[in-house]
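Please put together the full structure from these sequences, using the hints given.
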Amino acid sequence: MRILSIYEPGELVLEDLPRPPLTRKSAVVKMELCGICGSDVTAYCGTNPTMKYPIQGLGHEGIGTIVEIGDNDEDLEVGDRVALEPYVPCGRCHMCTEGRYNNCADLRVCGVHKNGMMAEYFSHPTHLLHRIPSSLDSLRAALAEPLTIGLHSATRARVKRGEHVVIFGAGTIGLMASFACRSYGAVPILVDLVQERLDFAKHELGTPHVFNSAGKEDLTEYLREVTNGKLPEAMIECTGAAPILAEMHNYVCHGARIALVGWPHGPVSVNQVRIMQKELDICPSRNSCHKFPEALKLLAERELPIERLLTKTVGLDQVEETIRDMAAHPGDYLKVVVKI
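Residue 297 in the UniProt record's numbering sits at position 297 of the sequence shown, and the numbers go up by one each step.
Keep in mind the hints are simulated off the structure, nothing from the lab.
Fair warning: there could be bad hints in the mix.
[As the list claims (entries may be wrong)] Only pairs whose alpha carbons sit at most 25 Å apart, straight line, appear in this in silico DSS-like list of lysine-lysine:
#1 K312 - K202
#2 K278 - K30
#3 K202 - K230
#4 K30 - K297
#5 K160 - K278
#6 K52 - K114
#7 K160 - K297
#8 K114 - K339
#9 K160 - K230
#10 K230 - K278
#11 K202 - K297
#12 K230 - K216
#13 K216 - K202
#14 K230 - K297
#15 K312 - K297
#16 K202 - K160
#17 K114 - K30
#18 K312 - K339
#19 K114 - K25
#20 K30 - K312
Right, here's the structure in full:
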């Protein structure tokens, strides 16, 4: 089979390797599509702090069809189209036994810590495979994994119907978080530096409120205006930018919840005095947990224009040049999907 491997930063190798064997409680999936994530770009550039080189197979946003299956309790069978949940937990640590397997003490993520999904065939545990509804087309289904990140962040922020949620970052994950908030009946307020992305979010995706933080207008005053003076009840931070984290207490009301999704480039400073005075709940949001069925259902319902995030599709032999261009011109891309 063909597989796109990364042995060190700046070196992708399209090679031929044996098809993976079938093992107990796993399935062999003929891969159809795999999204390119921002973490794949940073892995290629050598700036992903969690990446373990070498990896045979980049990528963790895959869908495909089961061609072989071992013993399983998941009501799956050969011929099923499935989305692959890429976070492989140990199943034994405290967090796993508590059901928070995304926070496993020994979590291995496909394409980061173990073999990834940009391969013609991929072996994966059956309990991490999720059947794709027959009404859901493959390209839209390929957006399931990033949508789970948005859903998990909204869950960590305990977003409720009727609340306002300020979301920092209008990239793929920020937009997925805004979709998640809308699906829960909340009102997202999207903040970014790039006006083109904000225009796209408002006019193409229907995001109700957008704000360009590069302008002269004061963000806190804008948030007060939108929320009738109260400030948002929740915040989802998708950039990891130190200046935002330093001022996050100013963007939410007393007793608010803040989900941290973006990875900072290093230690950051926060105003603990104001966080305590406002009794804010600060909740890091890592990957997702139990969100794939919800994401696939939401995608199948087609009530939100999530498919408009698709920038382009490419073949395996085009991935390296695409990643290079994504690194050089990040504003030109939202979601790229690889046809396997």
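Comparing the hints with the structure gives:
no., hint, in the structure
1, K312 - K202, "holds (21 Å)"
2, K278 - K30, "violated (51 Å)"
3, K202 - K230, "holds (23 Å)"
4, K30 - K297, "holds (22 Å)"
5, K160 - K278, "holds (19 Å)"
6, K52 - K114, "holds (8 Å)"
7, K160 - K297, "holds (19 Å)"
8, K114 - K339, "holds (21 Å)"
9, K160 - K230, "holds (16 Å)"
10, K230 - K278, "holds (13 Å)"
11, K202 - K297, "holds (24 Å)"
12, K230 - K216, "holds (22 Å)"
13, K216 - K202, "holds (20 Å)"
14, K230 - K297, "violated (34 Å)"
15, K312 - K297, "holds (24 Å)"
16, K202 - K160, "holds (22 Å)"
17, K114 - K30, "holds (18 Å)"
18, K312 - K339, "holds (10 Å)"
19, K114 - K25, "holds (18 Å)"
20, K30 - K312, "holds (22 Å)"
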